[in-house]
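Novice: These are the residues of each chain, in order.
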Amino acid sequence: MMNLAMLKPGEKGRIAKIGAIGPLRRRLMDMGVLVGEEITVEKIAPLGDPIEITVKNYNLSLRKKEAEGILLEATR
Amino acid sequence: MMMPNAARTLAAVETASIRVAVAGNPNSGKSTLINSLAGTRLHVGNWPGVTVEKKEATLDHRGRSIALIDLPGTYSLSPYTEEEIIARDFLVHDRPDVIVDVVDATNLERNLYLTVQLLELGIPVVVALNIYDEAEKKGYKIDVRAMEIALGVKVVPTVATRKTGMGDLLEAVTGATAKGSRNVPRSLNYGEDIEAAVQKLTADVARRHPALAEKYPERWLALKLVEGDHHVLAEANLSDADSLAKDAVGHLKEAHGEDLESLMADARYSLAAGLTREVLKRPAVKTTELTEKIDRVVLNRFLGIPIFLAAMWLVFKLTFDMSKPFVDWLDGTINGPFTRWVETLMGFLHGPEWLVSLVTKGVIGGVGFVLVFVPVIFAMMFFITFLEGSGYMARAAFVMDRAMHSMGLHGKSFIPMLLGFGCNVPAIYATRTLENPRDKALTALLIPLMSCGARLPVYVLFTGAFFSAQAGMVLWSLYVMGIVLAVLVGVLFKRTLFRGESPVFIMELPPYRMPSGRSLAIHTWEKGKHFLVKAGTYILSVSVLVWFLLNLPWGVENKKDSFLGKAGSAIAPVFAPLGFGNWEASSSLIAGVIAKEIVVGTMGEIYVKEIEKKPEGPAPTFFEDLREIGTSFAASGKEAFSNVFSTFGIASLKAEEKEGRATLRSVIGKTFTPLSGYAFMVFVLLYMPCVVTAVAFRHEFGTWKWFGVAFVYQTVLAWSAAFVIYQGGKLLGFGG
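The listed protein sequences correspond, in order, to chains A and B.
Position 53, counted from 1, in the first sequence is what this note's numbering calls 53; the numbers after and before it change by one each time, with no gaps.
Position 702, counted from 1, in the second sequence is what this note's numbering calls 702; the numbers after and before it change by one each time, with no gaps.
For reference, chain B alone in the conformation it holds in the complex (with noise of 0.2 Å):
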C-alpha cells in the first residue's frame, strides 16, 4: 500500500532540479571547472547590486537538470569582502541542495580552510580534489578515501582543463541528493571550550529565538555567535551584547581573550593542517619549480620592471594593432556595399529620401559603430583573461604596486590604465580585474584623462594647421598633461571622494599556468556578446539621436539652422573665455561627445561645406561587393598578423591623413589662433568620455553614479585647463 506514493515521492524528488552552488579559493580552477561542464549553456551576469560576476548554467546529467551557481572565489566565509558577503548569503539564504567545493590539490591546507567552513552549513558537500595531475607531479600523494572519511563528503579527483573526472563529480552531485546519501558532512570538532559554547548557543537559540533557529543553520549560527560576526549578528537583530552569546562565550573569552574571531581563525585551520597530514604525504625533497624559475627573472629586481613593461608594450600591441585591420574592415564593408544596398533596395521601395538617411547614416551608422568596437573588446577580454589566467596579472600587480600606489590605486590599476591609450572602453571594462571596488571606481575615474586613439585625429589636424614644425613636441604635451592631471586628479579623490584606509594589499601569487583555450574562449565570447547586446542599444539610440539634431529640421541647407548648429550656437559663449567661443567649435564638440574623432568629421562637414565629391564610377554590383568584402577580410587577416610581427611602433596610434583634410586645415588656420587651438586640444582632450565610454560605465558598476562623476570633474577639468592655457597665454603674449 506504500509503495506508489513512496515511489511518487521519489519521482517527484528525482524530476526537480538539483541547485548546486560551486565554491572555491580563487586561482583553484573554479571558472575552468564551471567552464568544462557547462560549456557554452554558460549564462554571465552580476550579482545583483554589485559589480561581482555571476556565472550560471543548467545542464543534463542523467535526465536530471542541474543548475549550477558559481559562487565568487573566496578564501573565507569571513563579514568582509563583498565577494565573500555574497557567497555565504546565497549559501546560508538560498539554500543550495549540494556545494561543489573546489580544492586546489596542490595548496591543500590552505583550501580545506575554507571546506572547514562550507561543512558547517549543514548542506550537503561534494569536494572536487582539483589540479590533481599537477599534484601528482610533485610527487604528492593524496589519500582520497581517508579524506572521505575525514570530512564524511564524497571527493572527486579532477583535472577541470582536461575535463578529466567531470562525469564522476556529476554521478557525486546527483548522488549527495538521492534519498539515503550518506553524504552528509561531518561536525568537525573544534576543540572541548569552543564545542560547549557552541552547544550551549544552540540550546539557547532554539528556546529563545525559534524564528532564527528557522532561518538559519543551528551549528553556522551557533559559530558564528561564537565569533561575534557583525554581519550575522546585525542581520539577525542581536546585539553584541545579548546575554545569550555573552553567558556562553564569557569562559571562552576568559581563558582566550577578548579576540574570538582570531581563535575561531585558528581552530579552523588546525583543523585544515590536521586534515591535511593525515591524507598528504609531499616528497621529501622539494625540487626548484618551474614558478620559481621564472619568478627569479620575472620578479628580477632589474629585470622586473623591464620585462613588465615589454609584456604591457606587447598587450597593447596585440590588443590594438590585430584588432585594427578587422575594424577597418568592419567599417568599409558596413559603410561602404552595406549602406549601399540598403540604399538601391529603400530606392527600389520608394522610400522617403529623410528615411533613407536616417536609415543608412542613423541606424547603420549606429550598428556599424558598436561593431567595430567588437574586435577591440574581444581582443582585450582575451589577453586580459590570459594574463588573468596564466597568473601573470597578481606577477604585473607586484612590480607596479609601489608606484600606482602613491595615487591610491592598486597595482593592477595599471593595465586597465595602459589599455585606455588605445581605447577607453575596453579599458573601462579591464578593471574588472580590481577586485576592491574602491580601487575600481577610482581607476575608472582616471581612465578618461588617458589620451585615447580617437583623440588623436584632432591632435593631428590642429597640430598639422599650427604647429607641424614642433608637431611632436605638441602631441607628447598632451599626452603627458593627461597623464599629470590623472595623478593629480588621483590624489584629489583618494583624499576627498575615497577618503579613509586605502583597501589593503594582501595578495596571492599562483603558480604560473597555462590557461585553457576553452576557457579564454568562453570569457573573450562571453563579454564581447554582452557589449553588442547590452552597449549596442544605448548607442544605437544615441547615434539616431544625433542623426535627428544634424538633418532636423528636414533640409536645412546651413548646418547653423539645423538643431546642432542652434545647440552650438546656444552653448557657444561658455567657450568664448577659452578662445572658441563659436557655433562651429562648439557644434563639433556636442558631436563629439559620440567619439571624440567625430569632432574632425563634424568640423569637416560645417566648415569645408562643399565636400568634393569624387566622381563615382558605376556603382559595383552585388557581387563584386562581395568578392571585395571576401578579399579585403582576407587581407585584414594577412594585415592584422603583419602588424604583431613586422613593425616596431603601434600601428593602430598612427591617424591617417585624409584627403580633404588639407582644405580644412586651411580652414582651421585662420578661424583659430595657435594659442586657441592648443587650449581647443586641451579641451578635447579632458573633457567629457565619449558615450561608449558612458555606457561601459554604466554596463561594468550597474549604476549612473561613477559615469556622472566623471563627467562632472571632466568638464569642470576641461574649461579650467583651458581656461588657464588660454587666458594665462594671452596674458604672457602668445597671442590671442
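Chain A on its own, in the form it takes in the complex (with noise of 0.2 Å):
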C-alpha cells in the first residue's frame, strides 16, 4: 500500500488509514490529518527530511518517519 512518504512533490492521495497510535494519532488529527482527507506533497527539505504537504488548505510539515504511518489510496 501506498504510504505518504512515498509521494513526490507535486503528487496527491487521499488518506486511507492513520497507522500511528496515541499522541502522534491525536496531534494529526487535530492538525486535521484525518481518514478521507485529499492531501498533496509540496515539498521535500533540502537535505530530504522532513517533507511540506497541503492539507485542509493549509501547509504542514512532519518528518519521513511520521509520514510512512500515514496510508493512503492511491489516486495521483
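Please keep in mind that the hints were generated in silico from the structure rather than gathered at the bench.
Cβ coordinates follow ideal geometry from the N, Cα and C atoms, glycine included.
Heads up, a few of these hints could be off.
Okay, derived cross-link-like pairs now, BS3-like style, lysine-lysine, Cα gap no bigger than 27 Å in a straight line [to be verified]:
no., chain 1, residue 1, chain 2, residue 2
1, A, Lys64, B, Lys293
2, B, Lys529, B, Lys361
3, B, Lys163, B, Lys529
4, B, Lys138, A, Lys12
5, B, Lys138, B, Lys293
6, B, Lys179, B, Lys215
7, A, Lys12, B, Lys293
8, B, Lys54, B, Lys215
9, B, Lys137, B, Lys293
10, B, Lys670, B, Lys559
11, B, Lys534, B, Lys361
12, A, Lys65, B, Lys281
13, B, Lys705, B, Lys534
14, B, Lys494, A, Lys64
15, B, Lys286, A, Lys8
16, B, Lys138, B, Lys286
17, B, Lys281, A, Lys12
18, A, Lys65, A, Lys8
19, B, Lys560, B, Lys361
20, B, Lys163, B, Lys137
21, A, Lys8, B, Lys293
22, A, Lys12, A, Lys64
23, A, Lys12, A, Lys65
24, B, Lys54, B, Lys705
25, B, Lys286, A, Lys12
26, A, Lys17, B, Lys253
Derived CB-CB ranges, DEER-like [what the hints assert, rightly or not]:
no., chain 1, residue 1, chain 2, residue 2, range
27, B, Gly517, A, Gly36, 42 to 48 Å
28, A, Lys8, B, Gly702, 27 to 33 Å
29, A, Met2, B, His256, 24 to 30 Å
30, A, Met6, B, Asp328, 54 to 60 Å
31, A, Met2, B, Met473, 49 to 55 Å
32, B, Glu254, A, Pro23, 23 to 29 Å
33, A, Glu11, B, His256, 28 to 34 Å
34, A, Pro23, B, Met473, 44 to 50 Å
35, A, Pro23, B, Asp331, 46 to 52 Å
36, B, Val184, A, Glu68, 44 to 50 Å
37, A, Glu11, B, Glu254, 34 to 40 Å
38, B, Gly517, A, Met2, 44 to 50 Å
Quick one: dock chain against chain with the hints and give me the complex.
Specialist: Below, the structure is given as C-alpha cells:
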C-alpha cells in the first residue's frame, strides 16, 4: 500500500488509514490529517527530510518517519 | 419595590471586572491582537511551574474593567501538550467570564475545529475573525451573520495588525456578559450515536457523582468521558473501567471500534467543515500566492540551505555587531565618567576608601555588567520575534531539521545554538522558540559548548603567547572542538537523560506575514525589561560578592592573600594534572565565572603587579563628560550602522589587543608551556557557564535544575578534556 512518504512533490493522495497511535495520532488528527482527507506533497526539505504537505488548505511539515504511518489510497 | 434591588444587583455585576480568556490557534494573529488591545499595559509572566509565557492586561472599556488573559496558542484542547493542558485547565477550573476565540479568516476550517471545542465549555464566546483583510484579498466571502447564527455567538471581523475592529470586539465582550445577553454558544450536534451517549452520561454523572457535576461543565465532561480523555479521568478520579462510561459508550465502541478519540476528532472536524461550507465562498480559481512564490526559492533543494545560512549570518551580524558599539558606549560611560562622578561625590562626603571601592567597583561595576547585556538582549529578541512573526522561523526549522534531528534536537534548535557563538545569554533566551520542553532543555544544555565572544580574549592572549605562527589553526580547533563535543554530548544525553521517543515534528508552515511594528516593539521591550529587573538582581549580588573575595581582608597587598587568592590556592591541586595547578591560574578561573573574559583581566591584575599607570591629565569637568557621552553615543549609532553595512566579517568577534597585554603575554609565556596553555584554553572553553548564563537558565526554565545539569557535565567534561590533552600530549612528547 502507498504511504505518504512515497509521494513525490506535486503528487497527491487520499488518506486511507493512520497507522500512528496515541498522542501522535491525536496530534495528526487535531491538525486535520484525517482519514478521507486529500493530501498533497509540496516539497521535500533540501536534506531529504522532513516533507511539506498541504492538507485542509494549509501547509504542514512532518518527518518521513511519521509520514510512513499515513497510508493512502493511490489517486495521483 | 423590586426596582432598587434589581438595579443594585445589575450595578454590582456591571462594576466587577470581566475576565476574558483569549484563545486561538498558533499563527492566528492572537499575539498581535492582544498587543493591539492592551498596548503597553501588557504584563508578561509565566504560567505557574512551566516555561510557557503568560500575558495579561487590564483595560477599561466604557467604564468597565476588562482583564485579558492570553492562553497559549493551541490547535485543540486535547490532553497531550503542555500548552493545551494549561489552556483547558484555565478554562475549566478558572471559568473566565468570556472567551475571545481568535480565528484566522484565511484558514477557517482548522481554526473552527478549536472553536467547536471552546463552545462545549458553556462559557460565552466571542469570535474575532482575524486577518480579515487577507481573506478579502484572497477573494474569500465570509457570511458573518450566518456564522453568528450557526455558532450562537457574536462574530467580529478584525485586522489586529491595523487595530481594525478592536472597539467592536470589546463591545461584543461587554455585551456577552450583560444581563439577558443572547450570546449562548450553541451545542453543536455530534450526531445521533454520540449525542445519545452524551445524554446518558450527563444524567449518570448528575445522579452518581454530583460533586463532579458541580466541578465541570456538564456537557464538556460528558464529551470528555466519551473520548476517554485520560487527563480528565485521572483528575476526576474515574478509572477507565468505571461502569459509568462503559455503559454509555459501549454501543459506540461496537459501532465505531475502540478508538473513540478519533471518532470525536472526526466528528468535530465534520462540524468545522460543515460550518466552513455554509459560511465561506472561495473563488473558483486559486491564484499562486506570494507565500508559494517565496517558498519556491527559500525552500528550494539547492538554494534552501545557502539562503538559510546567509539569513543566519545576517541575524548573527545584526544581533551582535549592531549592539556592540552601544555595549562599548554603555561600558565606557559607566566605567568612565559615571564612576568618576560617584568617586568625586563620595570623596566630597568623606566616604571611607573601602566603601568607595565597593560602590564603584562592586555595585556600579555590577550594574554596568548587567546593562551591557541589554543591547544584545534587545537586538536578539527583536530578530527572533521578527523571524517568528514573519513565518521564516518555521522554514528555518524545516531546512535544518534533518541535521539537528541526528543530535536528538529540533530544526528550531539551530538558531539558539548559532547565537551561542556571540553570547550564550541571549542564546539561552532564544530557546523559547522551541515549544517542546525536552527540545528546549537539551538545546539549552548544549549552548554553553558554543564558544562565545567572551572566551575569545583568553584565546587571543594564549595563542599570542605560544602559537602566533598557527594562531588561526589553534583558534579554529577550539571552535570545532566545542561543536564536536556538542554533537557527542547531544547524542549521549539523547540516550540517557532524555531517553524515550523524541518529540514528533509536526509543524505548520504559516503564510509569510509582515510582523507589526507594535508587536516587535512590545516583545523586545518586555524581554529587555525582564532581563534588567530579574537577572540584574542576581548579577549585582554576584558582582558584590566577587568584590569582597578580591578585596578582603581589606588592604591586602599581595593578591595571593585575598580570599580569592586563598580559594585559588585551595583548589589549585585539582588543576595540577591538567598542567596549570598554580594559584594564579585557578584564581583567574574562579573570577571567570562572572564572565569568561574576566579570566584575562584577573590574570593581568595578578601577574602584572605594577600596571603602568598612565599619567592622567586634569579630570574632565562634569559638562565635558556629558558632552563626551553624547558625542560617543552618536558615534556608536554611526558605527552600529556601518558595522551592518560595510564589513563582511563579524566585528564583534574581533578581540582587540589592549595596551599592557604585551607584558602579560610574556609572563604567560614563562609560566605556561604551549601544552599547558592549550589545555588551559580548552578548560576555559568547556568549564561551567558564566553567572549571567546561569541566571538566564534559571529565568527561562523557572528552576535551577538545568543549570545544575550543565554545571556538573561541563565541569567533568572540561577537566577530562584538559586532562586528556595535557597528559596525552606529554606522552606524545610535546613537553610538559
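Novice: Hint by hint, say whether it matches the structure.
Specialist: Now for the hints, and whether the structure bears them out:
{"no.": "1", "hint": "A:Lys64 with B:Lys293", "result": "holds, 24 Å"}
{"no.": "2", "hint": "B:Lys529 with B:Lys361", "result": "holds, 24 Å"}
{"no.": "3", "hint": "B:Lys163 with B:Lys529", "result": "holds, 25 Å"}
{"no.": "4", "hint": "B:Lys138 with A:Lys12", "result": "holds, 24 Å"}
{"no.": "5", "hint": "B:Lys138 with B:Lys293", "result": "holds, 15 Å"}
{"no.": "6", "hint": "B:Lys179 with B:Lys215", "result": "holds, 24 Å"}
{"no.": "7", "hint": "A:Lys12 with B:Lys293", "result": "holds, 20 Å"}
{"no.": "8", "hint": "B:Lys54 with B:Lys215", "result": "holds, 24 Å"}
{"no.": "9", "hint": "B:Lys137 with B:Lys293", "result": "holds, 17 Å"}
{"no.": "10", "hint": "B:Lys670 with B:Lys559", "result": "holds, 20 Å"}
{"no.": "11", "hint": "B:Lys534 with B:Lys361", "result": "holds, 21 Å"}
{"no.": "12", "hint": "A:Lys65 with B:Lys281", "result": "violated, 36 Å"}
{"no.": "13", "hint": "B:Lys705 with B:Lys534", "result": "holds, 18 Å"}
{"no.": "14", "hint": "B:Lys494 with A:Lys64", "result": "holds, 20 Å"}
{"no.": "15", "hint": "B:Lys286 with A:Lys8", "result": "holds, 22 Å"}
{"no.": "16", "hint": "B:Lys138 with B:Lys286", "result": "holds, 9 Å"}
{"no.": "17", "hint": "B:Lys281 with A:Lys12", "result": "holds, 24 Å"}
{"no.": "18", "hint": "A:Lys65 with A:Lys8", "result": "holds, 15 Å"}
{"no.": "19", "hint": "B:Lys560 with B:Lys361", "result": "holds, 20 Å"}
{"no.": "20", "hint": "B:Lys163 with B:Lys137", "result": "holds, 18 Å"}
{"no.": "21", "hint": "A:Lys8 with B:Lys293", "result": "holds, 19 Å"}
{"no.": "22", "hint": "A:Lys12 with A:Lys64", "result": "holds, 16 Å"}
{"no.": "23", "hint": "A:Lys12 with A:Lys65", "result": "holds, 18 Å"}
{"no.": "24", "hint": "B:Lys54 with B:Lys705", "result": "holds, 21 Å"}
{"no.": "25", "hint": "B:Lys286 with A:Lys12", "result": "holds, 17 Å"}
{"no.": "26", "hint": "A:Lys17 with B:Lys253", "result": "holds, 18 Å"}
{"no.": "27", "hint": "B:Gly517 with A:Gly36: 42 to 48 Å", "result": "holds, 43 Å"}
{"no.": "28", "hint": "A:Lys8 with B:Gly702: 27 to 33 Å", "result": "violated, 45 Å"}
{"no.": "29", "hint": "A:Met2 with B:His256: 24 to 30 Å", "result": "holds, 25 Å"}
{"no.": "30", "hint": "A:Met6 with B:Asp328: 54 to 60 Å", "result": "holds, 56 Å"}
{"no.": "31", "hint": "A:Met2 with B:Met473: 49 to 55 Å", "result": "holds, 52 Å"}
{"no.": "32", "hint": "B:Glu254 with A:Pro23: 23 to 29 Å", "result": "holds, 26 Å"}
{"no.": "33", "hint": "A:Glu11 with B:His256: 28 to 34 Å", "result": "holds, 31 Å"}
{"no.": "34", "hint": "A:Pro23 with B:Met473: 44 to 50 Å", "result": "holds, 48 Å"}
{"no.": "35", "hint": "A:Pro23 with B:Asp331: 46 to 52 Å", "result": "holds, 49 Å"}
{"no.": "36", "hint": "B:Val184 with A:Glu68: 44 to 50 Å", "result": "holds, 45 Å"}
{"no.": "37", "hint": "A:Glu11 with B:Glu254: 34 to 40 Å", "result": "holds, 38 Å"}
{"no.": "38", "hint": "B:Gly517 with A:Met2: 44 to 50 Å", "result": "holds, 47 Å"}
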